[in-house]
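**Student:** Respectively, the protein sequence lines represent chains V and P. Residue numbers for the first sequence, in this note's numbering: 8 to 163. Residue numbers for the second sequence, in this note's numbering: 90 to 180.
These are calculated hints, taken from the structure and not from any lab test. Glycine included, each C-beta is placed from N, C-alpha and C at the ideal position. If a hint is listed, it holds; no wrong ones were tucked in.
The calculated lysine-lysine pairs, modelled on DSSO-like cross-linking and capped at a C-alpha distance of 30 Å, are:
| id | chain 1 | residue 1 | chain 2 | residue 2 |
| --- | --- | --- | --- | --- |
| 1 | V | Lys94 | V | Lys105 |
| 2 | P | Lys103 | V | Lys136 |
| 3 | V | Lys94 | V | Lys106 |
| 4 | P | Lys103 | P | Lys177 |
| 5 | P | Lys139 | P | Lys103 |
| 6 | P | Lys139 | V | Lys149 |
| 7 | P | Lys177 | P | Lys146 |
| 8 | V | Lys136 | V | Lys149 |
| 9 | P | Lys139 | V | Lys136 |
| 10 | P | Lys103 | V | Lys149 |
| 11 | P | Lys139 | P | Lys177 |
| 12 | P | Lys146 | V | Lys136 |
| 13 | V | Lys136 | P | Lys177 |
Facing chain V, from chain P, some residues (calculated, C-beta under 8 Å):
| id | residue |
| --- | --- |
| 14 | Met90 |
| 15 | His97 |
| 16 | Cys112 |
| 17 | Cys155 |
| 18 | Leu164 |
| 19 | Arg166 |
| 20 | Val175 |
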Amino acid sequence: MGCCFSTGSNQDDSKKPLIPDPNLDRKPTNGSDRNADGLSSSRKNDQDLHAAIVQRTALNIIDVSAVISQGLEQHEYMDRARQYSTKVGVLNRTWSQKKPVPLPSLSSQPHQVLAADLVSNADVQQVSKIAAYAYSAISQIKVDAKEELVVQFAIP
Amino acid sequence: MEGALEQHLDDTMKNPAIVGVLCTDAQGHNLGCRGSLSDEHGGVVSVLAKQAASLTKDPTDSPTVCLESDSGNILMRTHGTITLAVHKMAS
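Okay, chain V solo, but in the shape it has when bound:
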């Protein structure tokens, strides 16, 4: 039905989808059944997720109030103490190897530098003059506009 040439046997051929839907059940369903299935499956997914989160939290949580009631046996206590002290020892060693970088030593003879003559006034005046000359030289750096930047094209 609906096609020019057909072998004429199956009436479902024209209505069969080209790409089969993997989620579709084999049994004939009407619209309401499919919706209910979707809802229950999503609820089941939510419940699974919720259960996974609760389980993960329970594994990670450290219940401090429960420690007092629990009693540790002597050998277990000693084992744990030894384990913790070795871990702390390893960390201490790595931390102590990373020393902060000391300040650089600027001079091997600080007394000589400190006792040397003060910077003379002539030097200060000289630098002041050099700075003034440099400033005037830099102020000569400027754009020399020779032509117009925007030019009108003459369209005949």
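Given chain V, put chain P in place with the hints provided.
**Tutor:** Relative to the frame of chain V, chain P by itself:
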């Protein structure tokens, strides 16, 4: 355009006691350098001069910062928008 500045720096280096000269703008960008002072010193020079200027309330008073060491003195001074540093050996 920068020919005048380059010539001025060369003339400054002709002085036998001067072993380095550096010129930077207010942001520490190097405008020209010779001798012992180079690009990498631009930032420090501009910041030191700026901080020294903040020590005085008088805006027209431009201080000269002197770093004294056993390998000579470095004098820095701001003039307008530029800062100049001169590395001079003790004579």
